[in-house]
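Read top to bottom, the protein sequences are chains A and B.
According to the numbering used here, the stretch in the first sequence is residues 21 to 255, in order.
According to the numbering used here, the stretch in the second sequence is residues 21 to 255, in order.
Hints were generated in silico from the structure; no laboratory data involved.
Heads up, the list lumps identical chains together, so a pair's fine if it works in one copy or across two of them.
Below, computed lysine-lysine pairings styled on DSS-like, alpha-carbon distance capped at 25 Å:
no.	residue 1	residue 2
1	Lys254	Lys182
2	Lys81	Lys48
3	Lys234	Lys168
4	Lys173	Lys206
5	Lys119	Lys23
Since we're looking at a predicted model, the values are computed, not measured.
This is what each chain is made of:
There are 2 protein chains.
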Amino acid sequence: MTKINKGKLFGIGVGPGDSELLTLKAVKILNEIPVICSPRSAPNKESIALSIVNPIIKKRKDFKELTVLEPVFPMIEDPLSLEKHWDDASELIAKSLNKGLNVAFITLGDPSIYSTFSYVQKRLEDSYLIEVIPGITSFAACASSIKKPLVEKDDVLIIIPKIKENLEILMENSDTIALMKTSRNKKELENKINHQIREKEIFSVENCTMENEKIIKGFPENKPYLSTTIIKFKK
Amino acid sequence: MTKINKGKLFGIGVGPGDSELLTLKAVKILNEIPVICSPRSAPNKESIALSIVNPIIKKRKDFKELTVLEPVFPMIEDPLSLEKHWDDASELIAKSLNKGLNVAFITLGDPSIYSTFSYVQKRLEDSYLIEVIPGITSFAACASSIKKPLVEKDDVLIIIPKIKENLEILMENSDTIALMKTSRNKKELENKINHQIREKEIFSVENCTMENEKIIKGFPENKPYLSTTIIKFKK
Chain A
21 MTKINKGKLF GIGVGPGDSE LLTLKAVKIL NEIPVICSPR SAPNKESIAL
71 SIVNPIIKKR KDFKELTVLE PVFPMIEDPL SLEKHWDDAS ELIAKSLNKG
121 LNVAFITLGD PSIYSTFSYV QKRLEDSYLI EVIPGITSFA ACASSIKKPL
171 VEKDDVLIII PKIKENLEIL MENSDTIALM KTSRNKKELE NKINHQIREK
221 EIFSVENCTM ENEKIIKGFP ENKPYLSTTI IKFKK
Chain B
21 MTKINKGKLF GIGVGPGDSE LLTLKAVKIL NEIPVICSPR SAPNKESIAL
71 SIVNPIIKKR KDFKELTVLE PVFPMIEDPL SLEKHWDDAS ELIAKSLNKG
121 LNVAFITLGD PSIYSTFSYV QKRLEDSYLI EVIPGITSFA ACASSIKKPL
171 VEKDDVLIII PKIKENLEIL MENSDTIALM KTSRNKKELE NKINHQIREK
221 EIFSVENCTM ENEKIIKGFP ENKPYLSTTI IKFKK
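With these hints in hand, go ahead and build the complete structure from the sequences.
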């Protein structure tokens, strides 16, 4: 299928929260793009990615002509229902691309690391030109906030989005573990990690780089959606 | 020890190579800072981090007054000799900080992930204010270049800077592995990875996001300093 005369899809990582952590490349595209796609988790919930790019796009002279697509990507586990949501979002984006309009799909953190962009990318890559712009990951931003190196020299770094039965093996074979969205399974996590006998330091960051950022020694206190826990094992 | 009246040290991640992947925050600091510290691996070798920020700092009206410190951090293994180099670099930076001048230590990728900044940070954090600005990591940039998601859903991501005896266990317990600076031990790596029976896709990126970027299916062909290999295991 020819990709000529069609719009190009940009997958843009907008970083962890602070608008100043957008890259120059992301800003350049966001200043020119006619269509922005920013998924939200519920119809009445504001997209965090959109709030990050807002200070940039609101300064555009043609801000009022900008189209913002906001498909709903609910946080559900049912695979069939999810597939349907991703199909719908991809179709919505394709409509603009077919008109020859470029579309920027914005996503928290980086578009290649646990991002909803992946699902859209797979559905559209055969028919449309795609460019991916990397973003600052939450775990790198958390390490910056706590001012501790994540890994040095020959350290092994493991990124875990959800604890599974191999957590013990992973803890034995790493120097640092970054746990994404820790608040989801905090109790189970605390138990398993405290049972691990290796000496360790644990830090959590809630709403990293945002105005309400909170750094905690140990596990997250509340249950914010955006929380990352870093476990550094001692040598 | 009081930190007042002294300069502040910024650890700035400049990303993988493309100057457009600098963050707004990094650019803002680089446009105001009086002293930049950019380590080089040999006295006659140009610093890659410095070449990334050059398009920014060269536009400064006061470019000629900017101080650029370039301590040598050789790529040697001897710990005692390395300690001496880091001590010297930290002293050099401290001289500017003691004069009340802010210093930006620039580093490839992110300052918390396998960065020389860590060594300076540890030596200076008790005596000076430090702020860390995260950068785009090489592995996120590589995934963007090859246009493949690195990890999705509950995938486990492992970052390995140097292969060790536990590589087999790590391969068994991950969905994606990012191997940093693969060219260093290419032969051994190829052998070990090809022996792993899990079905996999292997991609390497040499000089990611730079003008001479090269994407390879498999392991890096030549021996560039900047090469990253991504192994995606199939489910």
